[in-house]
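Sequences listed follow chains F and X, in order.
According to this note's numbering, the first sequence is numbered sequentially starting from -16.
According to this note's numbering, the second sequence is numbered sequentially starting from 2.
These aren't lab readings, by the way, just hints derived from the structure by calculation.
C-beta: ideal position from N, C-alpha, C; glycine also.
Take these hints with a grain of salt, some might be off.
[What the hints assert, rightly or not] Within a straight-line C-alpha distance of at most 25 angstroms, the following computed BS3-like cross-link-like pairs (lysine-lysine) qualify:
1. X:Lys39 to F:Lys34
2. X:Lys24 to F:Lys72
3. F:Lys167 to F:Lys139
4. F:Lys39 to X:Lys61
5. X:Lys145 to F:Lys34
6. F:Lys34 to X:Lys24
7. X:Lys40 to F:Lys139
8. F:Lys64 to X:Lys107
9. F:Lys64 to X:Lys38
10. F:Lys148 to F:Lys167
11. X:Lys155 to F:Lys39
12. X:Lys39 to F:Lys72
[As the list claims (entries may be wrong)] Per label pair, the in silico range of CB-to-CB distance:
13. F:Arg181 to X:Ile9: 19 to 25 angstroms
14. X:Ile9 to F:Leu101: 28 to 34 angstroms
15. X:Tyr25 to F:Lys148: 22 to 28 angstroms
16. F:Glu239 to X:Ile9: 29 to 35 angstroms
[Claimed, not checked] Stretches of chain F that chain X covers, calculated by requiring three or more beta carbons in the stretch to come under 8 angstroms of a beta carbon on chain X:
17. 64 to 78
18. 120 to 131
19. 157 to 163
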Amino acid sequence: MSTEAHAAEGATGYIIHHLTPLHFGEGFWTLHLDTLFFSAVLGGLFVWFFKMAADKATAGVPGLVQNFAEMLIEFVDNQVKDSFHGHSKLIAPLALTIFCWVFLWNFMDLFPVDIFPLIGSIMGIEYLRVVPSTDLNATFAMSISVFFLIIFYSIKIKGPWGFAKELMFQPFGPWLLPFNLLLKLVEEIAKPISLALRLFGNLYAGELIFILIALLPWYIQPVLSFPWAIFHILIITLQAFIFMVLTIVYLSMAHEDH
Amino acid sequence: MSINATLIGQMITFALLVWFTMKYIWPPLFDSLEERKKKIADGLAAAEKGQEQIILAEKKAIGVIKEAKEQSSEIVTLAQKRANEIVEESKDTAKKEGERLLLAAKAQIEQEMQQAKEGLRQQVADLALNAAEQILNAEIDKAKHQDIITKVSKQLS
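Using the sequences and the hints given, assemble the complete structure.
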């Protein structure tokens, strides 16, 4: 949908243009430069902000930055404590990273749809899609990483045999082994797929609606884009939250020994 | 919208971010939170302790005041008692002094009376002797009847 797309004119062309990433390379070895660039920049922003807070962290009266960082830390920590009953040095920071990073990705959605492509076109960049969560690669990269962690912790906590037993003998006992195995595999594989597709679907649809609104005459646009943007503030936070909570839940399931 | 190598790049970025958060961001912030929690808890505990101490001190103060009151009333009672004693003592002393003075006066009166009696007797004796002398002067020798006069004078006393 890339080369012939930008040839298309009118509304369809506009939409396709906005949803086409800046890419480099061919076939599987294609890189979506915009996704990589913006997610890295946003990740850097997240890390920079929290590092600043962490460097100045004191047990005394916190500053504004520290206060905000601590609010998020406390929020994430409460979520982790609610569903995860064990000790892990990884899960809470992982959840914080997921929440903040996904939130920042999604936040890019609230910028007017034409601003970044306009700046890009001035700088000679033909395609620019600024919301990393509208790229399946970004959402899948995160959910597959989480999936690897699920597998890793399942094997680490239950042992290879314990994990295999769980796959084979649950939920219906050893007599229905193939059925159990099939069910369990589907269940496990559904986790990363649902995580990635949920985030991608929500944000892709949201972005699409912003683009559609942008196609309308200018005097109608604010009436529609304003409420949609407000509603979207809820959606982007909610999606980041859901991704984080489900990650915690999946990982705590991986830690549970039956 | 195909899956491609971007996925790998994103995974690497994600791993780096998680590692950095785990290593440099979460621990100091979380520790400062925990430390502050502890500080606040300690502060609250100290405040509670202070309150308890105040209550204890108040109780103690009340006890001390009560004791002081008891002591002072005891002192007052003792003083009153002592004052009564002193009054009684002085009364006694005065009484005794009075009695003594009375006795002395009586003795003096007695003595003076005795002296007056003695004087009177001497005078009476002298008068009687004078009269008798005059009566007897004519006929009786003074030396001859000295013995009788002394006898009479002795009877007078």
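These are the hints, each one checked on the structure:
no. : hint                                    : in the structure
1   : X:Lys39 to F:Lys34                      : holds, 23 angstroms
2   : X:Lys24 to F:Lys72                      : holds, 10 angstroms
3   : F:Lys167 to F:Lys139                    : holds, 18 angstroms
4   : F:Lys39 to X:Lys61                      : violated, 47 angstroms
5   : X:Lys145 to F:Lys34                     : violated, 160 angstroms
6   : F:Lys34 to X:Lys24                      : holds, 11 angstroms
7   : X:Lys40 to F:Lys139                     : violated, 37 angstroms
8   : F:Lys64 to X:Lys107                     : violated, 115 angstroms
9   : F:Lys64 to X:Lys38                      : holds, 16 angstroms
10  : F:Lys148 to F:Lys167                    : holds, 11 angstroms
11  : X:Lys155 to F:Lys39                     : violated, 137 angstroms
12  : X:Lys39 to F:Lys72                      : holds, 21 angstroms
13  : F:Arg181 to X:Ile9: 19 to 25 angstroms  : holds, 22 angstroms
14  : X:Ile9 to F:Leu101: 28 to 34 angstroms  : holds, 30 angstroms
15  : X:Tyr25 to F:Lys148: 22 to 28 angstroms : violated, 39 angstroms
16  : F:Glu239 to X:Ile9: 29 to 35 angstroms  : holds, 31 angstroms
17  : 64 to 78                                : holds (count 5)
18  : 120 to 131                              : holds (count 7)
19  : 157 to 163                              : violated (count 0)
In summary, the structure is inconsistent with hints 4, 5, 7, 8, 11, 15, 19 from the numbered list given earlier, while agreeing with the others.
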